[in-house]
Amino acid sequence: MAVPDASIVTRFAPSPTGNLHIGGARTALFCWALAGTLGGRFLLRIEDTDAARSSEDSARAILEDLAWLGIDWDEGPSFDAGDRTLGGDPRAVGPFHQSHRRDLYHQHLEALIAAGRAYPAFDTPAELGAMRTQAEAEKRTFIYRNRPADPAAAVERAKAEPHVVRFVAPDDAVVVVDEVLGEVRFEPAQLDDFVIRKADGMPTYHFACVVDDEAMGVTHVVRGQEHLMNAPRHVALQRALGFRTPTYAHVPLIFNDQGAKMSKRERDGAARQAAKQSGFDLGATPVAGLDAEVFARWLKDKKRQLEPDQLEALATALGIELPEVSVGEFRAGGYLPETINNFIALLGFTPSKLDDGSDRERFDMAFLVSDFDLARIGKSNARFDRKKLLSFNTDDVTGMEPSVFRERFEGWCARFMPEIMDRLTDAQRAVLVPAVQPQSKTFRDAADRCGFALIASGEIEHDPKAVKKWLAKNDNAGLGVLGELKGTLGAHTDWSAGALHDAVERFAGDREIGLGQVAQPLRVALTGTAVSPPIAETLATLGKDEALVRIGLCLVVCKPRVGSA
RNA sequence: GGCCCCAUCGUCUAGCCUGGUCCAGGACGCUAGGUUUUCAUCCUAGAAACCGGGGUUCGAAUCCCCGUGGGGUCACCA
40 MAVPDASIVT RFAPSPTGNL HIGGARTALF CWALAGTLGG RFLLRIEDTD
90 AARSSEDSAR AILEDLAWLG IDWDEGPSFD AGDRTLGGDP RAVGPFHQSH
140 RRDLYHQHLE ALIAAGRAYP AFDTPAELGA MRTQAEAEKR TFIYRNRPAD
190 PAAAVERAKA EPHVVRFVAP DDAVVVVDEV LGEVRFEPAQ LDDFVIRKAD
240 GMPTYHFACV VDDEAMGVTH VVRGQEHLMN APRHVALQRA LGFRTPTYAH
290 VPLIFNDQGA KMSKRERDGA ARQAAKQSGF DLGATPVAGL DAEVFARWLK
340 DKKRQLEPDQ LEALATALGI ELPEVSVGEF RAGGYLPETI NNFIALLGFT
390 PSKLDDGSDR ERFDMAFLVS DFDLARIGKS NARFDRKKLL SFNTDDVTGM
440 EPSVFRERFE GWCARFMPEI MDRLTDAQRA VLVPAVQPQS KTFRDAADRC
490 GFALIASGEI EHDPKAVKKW LAKNDNAGLG VLGELKGTLG AHTDWSAGAL
540 HDAVERFAGD REIGLGQVAQ PLRVALTGTA VSPPIAETLA TLGKDEALVR
590 IGLCLVVCKP RVGSA
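With this note's numbering, letter number 209 in the first sequence gets 248, and the count goes up by one each step, no holes.
Hints were generated in silico from the structure; no laboratory data involved.
Honestly, I wouldn't trust all of these hints.
Claimed, not checked - Within a straight-line C-alpha distance of at most 20 Å, the following computed DMTMM-like cross-link-like pairs (lysine to aspartate or glutamate) qualify: (1) Lys178 to Asp231; (2) Lys303 to Asp424; (3) Lys178 to Glu226; (4) Lys339 to Asp307; (5) Lys342 to Asp296.
All chains, please: the whole structure from these sequences, using the hints.
And the structure:
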């Protein structure tokens, strides 16, 4: 890490209108890492100037997601992350919610009007819409520049009438110097007199952002390339206000499988496609909270989105998994925060090489905070490859120290799969959890593999394919083995996994059959399927009584019917 | 459509700035074998790319131009 430099400040400034998106997480991560390599501080600001769409719940959720990822902010809203406290205001530059900073914006805005660099405008939305339509009809780009002939009169009129305040765009070209893209030039003909204060008195994003970056001493602005067209506006505003221009870095976007900006619509798209493919009939399969008309409209219109819970319910009805897009969804999906950080850092950024000259792909936060460099950010957009993420996550889950795995997995279960904690004893989990770890790609995957221990023996559904292959085949060889096993296991007393492992092996050895010929019929009996954790641990988790009940039950349920093949 | 950005294996990328060491390297995925009591792992091998066209140069993935393709953005949203 670099020598501490108190003058360096990076910031992440989300707007609290939804969950933290994976792209936002990457931006935050880069800002955090940059502050680290430069020895500066990382600041978090909540951009809630849109009163209607912002919510404190959303702001809170974003804070929690960032803390979960370990993207700790030095300054910003205070947050108790359990083992550490984040945020605070040591330099007294807060508050960090823009909705609480209106006086500051107001001061600068008045100064701008007084300097003749801003003016009240009284156009109604309908009038503006008409101007745009006309411009479009004439194949012109709509550029608003209706400056008042008499500014003083306009200011006077503004005292009594609803209005917005617009910025007087500069007459010169604006050149944005960007650390990633180089110099980007914007001609004055494309700069319009954009709105800097809305009719409700709130500043627009552009104005609040520029004022706050100055007031908070932000030196480096790292954000997605979708903001590139905002940069000339911000630079022009800074000049008019007499502010510094921070260092800009517009990082490439994260794409989805379709090659477009990854967004929350992803999930709607996946569900829509599945619904169309399967010819889903809402009439035949009602979905809670979703009425037919809404569904039909949503099905037709690609831009339409369902409410999150409607979407979840529909996905369940369709029997599909929705693709994760927000950090919370990846968390619920059982991904590790360190893996997510590692993976998203690789989207657009290339770390220094390994000593053998190959690409360095796996690294932790400590590495990132010392190796991050804006010069190593690429210019082209990157597709989000879920398979590669899964591969990374698998490595990290299976490579975890078993005791650590158990602690973290159970922590995840407590939140997302409480049955595992409620229904299994500590002793059962002590056997099952380590058994499941080497097989699991995610915590959710691990939890799924524990499922057999959660159901009652009567609820077991014996998979016909598994029954046929492992019990009925070869003149019911599997059923025969199972019958013998019932006796052998019934007489067996030590139900530790180790002893059971030996017992099963001895059983197979005595009969000179492969272990598979024993384990598979047992799996079918114990779980109803051909897949389970290693057989000894499966038996041990269930316990002797339950295991024997399941075997007995299977023998009855799956016995060959007289007269049928 | 205007403006802006981008362009190496299917995907993420190295190399490009400072032309030759690149018949282009790594990773995920894919294919084929192998290990394994199931699934998942794991091991070995393999296929797989410099968008097209012009220049500049002894020599271009690397520099320049044009074309094509992709993306972003055009709100009293951020």
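Take a quick look at whether Lys339 and Asp307 sit within 20 Å of each other, Cα to Cα.
holds (12 Å)
Proposed proximity, Asp424 with Lys303 (alpha carbon, max 20 Å)
The hint holds at about 16 Å.
Please verify whether Lys178 and Glu226 have alpha carbons no more than 20 Å apart.
Holds: Lys178 and Glu226 sit about 19 Å apart, inside 20 Å.
Holds or violated: are the alpha carbons of Lys178 and Asp231 at most 20 Å from each other?
holds (17 Å)
Given pair status - Asp296, Lys342, alpha carbons within 20 Å
holds (17 Å)
Consistency with the previously given hints is maintained throughout, with no hint failing.
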